[in-house]
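Visitor: Grab the two chains, each in its own frame, and use the hints to assemble them into the complex.
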Amino acid sequence: GAGVSQSPSNKVTEKGKDVELRCDPISGHTALYWYRQRLGQGLEFLIYFQGNSAPDKSGLPSDRFSAERTGESVSTLTIQRTQQEDSAVYLCASSFSGGISGANVLTFGAGSRLTVL
Amino acid sequence: GENVEQHPSTLSVQEGDSAVIKCTYSDSASNYFPWYKQELGKRPQLIIDIRSNVGEKKDQRIAVTLNKTAKHFSLHITETQPEDSAVYFCAASKPTGNQFYFGTGTSLTVIP
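Quick mapping for you: the protein sequence lines, in order, are chains V and G. Using my numbering, you'd call the opening residue of the first sequence number -1 and step up by one each time. Using my numbering, you'd call the opening residue of the second sequence number 740 and step up by one each time.
Rather than coming from a laboratory, the hints here were simulated on the basis of the structure. Be careful, since some hints might not be right.
Keeping only pairs whose Cα atoms sit at most 25 Å apart, straight-line, the calculated DSS-like set for lysine-lysine is [claimed, not checked]: (1) G/Lys761 - G/Lys796; (2) G/Lys833 - V/Lys55; (3) V/Lys9 - G/Lys781; (4) V/Lys55 - V/Lys9; (5) V/Lys55 - V/Lys13; (6) G/Lys796 - G/Lys810.
If we strip away everything but chain G, and leave its shape as in the complex, we get (with noise of 0.2 Å):
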């Protein structure tokens, strides 16, 4: 199967600051990495996506990288805000099955 690794499990920083988090994947077939945002409460939302046919995706203040050789991607938050303030999960998925498998999840604090 596949195993989605994330890291770190908490991270605060300071409003304006930039934020990164960090997923590992271990199944080459692997080929469509989301990024959800889950508010206190509220449901998982789809905040940006990559396929492994890109290295690189922005929209605003968000990107994710993609590094297929070496099976890791990563969320980059640029001028972080408080509405930011959230827990995040990356998740990989294959061509067959449809399967999701998620990261275990980043507690996201930004600090006025």
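Next up, chain V with everything else stripped away, as it sits in the complex (with noise of 0.2 Å):
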């Protein structure tokens, strides 16, 4: 596609009951990041996807986390008995990995925001 795609653009849950968003890439773009965004905060680093090398988990805040990506096509970021916490707006990312020349511009999708009640 043309963009980053996120869905649900927002999602509405009651605490304990589990979430999945949703991210489709740019096409052809190998590297993908989900970053966390609380109200009137920073990018908060989650995870990120590279080609099919195992992924940097290295940012997910607690084992309720959880984020699978095919290939170099959708993911999916998943969270179990969701927390009050957890509210935020999750970000999308994608890049084309440069390879030698290293990182390339880091596209964001519009973002889902997440709400737990």
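Guide: The following block contains the structure:
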């Protein structure tokens, strides 16, 4: 597609329920990132996928958070047993890994706003 | 890892004045430094970037400078306009791993 697509754009859920957030990166982008942004705060790194390499999960805040990506396509971020502190905008971004030249432009999706009641 | 610090956290300027936001990084291996603008309720969008093989890059009213020796880079906005009001994030990235490390953001307000 023309840009990074995320769904749903808004999700309201009850504490304790599981949620799935989806990201469809730009076609051909080998790298995919998930960030969390709480209201008025910065970008908190969650997880990074690069091609078929093992993902960098170092930013996941707890074992309630997990993410998957099949090849170089769609990624799903799952939050189990949601808590109120999980309320935030979850941003997905993708880039084309330029190899020896290093990182390339990171393009963000519009985000999924999660509200946990 | 890499640590990116960004200052100031908030900045108010009069319309027409210049604004400067500064970032420092810790890892000399970082070689790509983008700046993102995030308007209220919108996604971050790339406004300018610089690689470590150049010291300055300009795009109309926006410029970025890089000092590799001191490990800092700055965003300069001249002739500021109200529509420049937003949160600006700097970032650093290394060629290995392709990870992006973001600063904590600067909220810029341009007063008409």
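Visitor: Each hint: holds or not?
Guide: Against the structure, the hints:
1. Annotation: proposed proximity of G/Lys761 to G/Lys796 holds, straight-line Cα distance about 15 Å (limit 25 Å).
2. For the hint pairing G/Lys833 with V/Lys55, the CA-to-CA distance comes to about 18 Å; that is within 25 Å, so the pair holds.
3. Proximity of V/Lys9 to G/Lys781 is assessed by CA-CA distance (about 17 Å); at most 25 Å being required, the pair is judged to hold.
4. This hinted pair checks out: V/Lys55 and V/Lys9 have alpha carbons roughly 24 Å apart, not beyond 25 Å.
5. As the CA atoms of V/Lys55 and V/Lys13 are separated by approximately 24 Å, the hinted pair is consistent with the 25 Å bound.
6. A threshold of 25 Å between alpha carbons decides the hint, and for G/Lys796 with G/Lys810 the separation of about 16 Å falls inside it, so the pair holds.
When held up to the earlier numbered hints, the structure conflicts with none and fits them all.
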